[in-house]
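Undergrad: All chains should be modelled from the sequences, with the hints used to inform the complete structure.
Protein chains in written order, with our numbering: chain F, 396 to 591; chain B, 396 to 591.
Some hints here could point you the wrong way.
Since copy identity is lost for identical chains, a pair holds within one copy or between any two.
Claimed, not checked - In the DSS-like style, the derived pairs of lysine-lysine whose C-alpha atoms are separated by at most 27 Å in a straight line are:
id, residue 1, residue 2
1, K494, K466
2, K466, K554
3, K499, K466
4, K497, K448
5, K554, K494
6, K555, K572
7, K589, K497
8, K448, K513
9, K554, K572
10, K447, K494
Just so you know, these hints were derived from the structure itself, not from any lab. Predicted, not measured: the structure shown is a model, and the values here were computed from it.
Number of protein chains: 2
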Amino acid sequence: MINYPNGKKTKSKLHELKKKVNNKSNLGQSLENDVNASNAYYLINNLALVHKKPTPITVVNVDFPKRAAAKITEAYYQLPSTTDYNGIVRGIPIDFEAKQTKNKTRLSLSLIHSHQLKHLKSVLNHGGYSFLIIRFVFHSETYLLPYQLIHEYISDNDKKSIPYTWIRENGYLIPEKLLIPCDYLSVLNLLLFKGA
Amino acid sequence: MINYPNGKKTKSKLHELKKKVNNKSNLGQSLENDVNASNAYYLINNLALVHKKPTPITVVNVDFPKRAAAKITEAYYQLPSTTDYNGIVRGIPIDFEAKQTKNKTRLSLSLIHSHQLKHLKSVLNHGGYSFLIIRFVFHSETYLLPYQLIHEYISDNDKKSIPYTWIRENGYLIPEKLLIPCDYLSVLNLLLFKGA
Numbered sequence: 396m397i398n399y400p401n402g403k404k405t406k407s408k409l410h411e412l413k414k415k416v417n418n419k420s421n422l423g424q425s426l427e428n429d430v431n432a433s434n435a436y437y438l439i440n441n442l443a444l445v446h447k448k449p450t451p452i453t454v455v456n457v458d459f460p461k462r463a464a465a466k467i468t469e470a471y472y473q474l475p476s477t478t479d480y481n482g483i484v485r486g487i488p489i490d491f492e493a494k495q496t497k498n499k500t501r502l503s504l505s506l507i508h509s510h511q512l513k514h515l516k517s518v519l520n521h522g523g524y525s526f527l528i529i530r531f532v533f534h535s536e537t538y539l540l541p542y543q544l545i546h547e548y549i550s551d552n553d554k555k556s557i558p559y560t561w562i563r564e565n566g567y568l569i570p571e572k573l574l575i576p577c578d579y580l581s582v583l584n585l586l587l588f589k590g591a
Numbered sequence: 396m397i398n399y400p401n402g403k404k405t406k407s408k409l410h411e412l413k414k415k416v417n418n419k420s421n422l423g424q425s426l427e428n429d430v431n432a433s434n435a436y437y438l439i440n441n442l443a444l445v446h447k448k449p450t451p452i453t454v455v456n457v458d459f460p461k462r463a464a465a466k467i468t469e470a471y472y473q474l475p476s477t478t479d480y481n482g483i484v485r486g487i488p489i490d491f492e493a494k495q496t497k498n499k500t501r502l503s504l505s506l507i508h509s510h511q512l513k514h515l516k517s518v519l520n521h522g523g524y525s526f527l528i529i530r531f532v533f534h535s536e537t538y539l540l541p542y543q544l545i546h547e548y549i550s551d552n553d554k555k556s557i558p559y560t561w562i563r564e565n566g567y568l569i570p571e572k573l574l575i576p577c578d579y580l581s582v583l584n585l586l587l588f589k590g591a
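TA: See below:
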């Protein structure tokens with residue numbers, strides 16, 4: 396009976412699973428999954444056309460095995476030069492970055508690269524609508540923050556983070572729905588089309 | 396004097412270089428380079444905000460050497476689900492695919508994936524402007540083809556390719572300029588803003 400799992404092993408497996416569920420990278424993905432699921436709903440129902448851009452990767456080496464698909468054997472992640480998401484809502488170009496934080500009291504701006512903030516500013520200058528989607532995991536709340544607001548806050552305060560209380564007062568709470576787990580479009584409809 | 400290069404070796408190196416310059420993949424990149432250079436010019440001069448999306452890659456295995464950047468050791472190219480380029484021109488969302496062909500008489504539609512054509516159609520339906528940029532290498536000519544035109548041609552003819560003569564008559568020749576090697580924006584300005 397050597398291979399039969401004992402209580403200890405089971406406990407350790409459960410512990411591992413718990414760790415997996417609670418770790419940072421998985422938490423980072425849950426907002427991404429919610430946004431992607433919402434985008435899929437919008438696409439199918441012809442409400443908006445929003446896609447996540449692929450992660451930029453520098454390919455160094457590729458193998459071509461006989462009659463088979465190319466296999467990349469050496470590559471590295473690049474720093475993104477733009478944001479993760481862009482698309483169209485009723486003729487208006489939109490562009491945003493989605494981030495979540497475990498921090499209870501503030502959003503560290505180090506989570507967003509400076510060239511991403513610069514890109515959001517460019518989108519605004521070229522007539523598009525740009526924003527951040529921020530999830531506070533501890534509070535189970537997700538906010539839409541128009542770039543204009545962030546720009547004003549950073550210019551006025553020259554800070555490296557934005558307090559949760561400021562975001563709660565100035566941002567827009569995004570509703571969670573069964574089929575649209577991060578329904579940011581309902582907020583955009585209010586902001587861009589007065590709910591029409 | 397064994398290692399000194401002889402005439403034969405030099406000739407073979409020249410031959411290799413010639414092959415490299417003439418081969419298909421390099422030809423494929425020259426239009427991409429021209430579009431990228433034009434986009435860089437538009438960006439710097441605040442004329443338009445257009446970016447090439449990263450190539451979608453499925454990462455299977457990543458190594459984390461000590462204190463060094465993550466190294467991807469196994470990955471594969473994915474079929475793109477959208478087009479290569481999108482952006483904003485004076486508040487209007489634009490979306491396009493750029494392709495070149497060595498064929499003298501026709502553009503094979505097999506160069507453009509069916510889900511890319513579907514995506515161009517969605518862009519149009521959501522209020523954006525979508526098109527193809529097609530370079531005929533033999534004729535040294537590059538055309539902008541609004542998606543609407545392609546859609547009508549395919550619907551009417553149910554063909555697998557579009558003749559060069561049809562594109563020459565119905566498409567818009569894109570001017571080549573020193574700093575803007577593929578100046579598609581000058582065509583868009585005429586189409587979208589009547590040259591204003």
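Undergrad: Hints numbered earlier in the text: which of these fail when held up against the supplied structure?
TA: Violated hints (numbers, rising): 2, 3, 6, 7, 9; every other hint is consistent with the structure.
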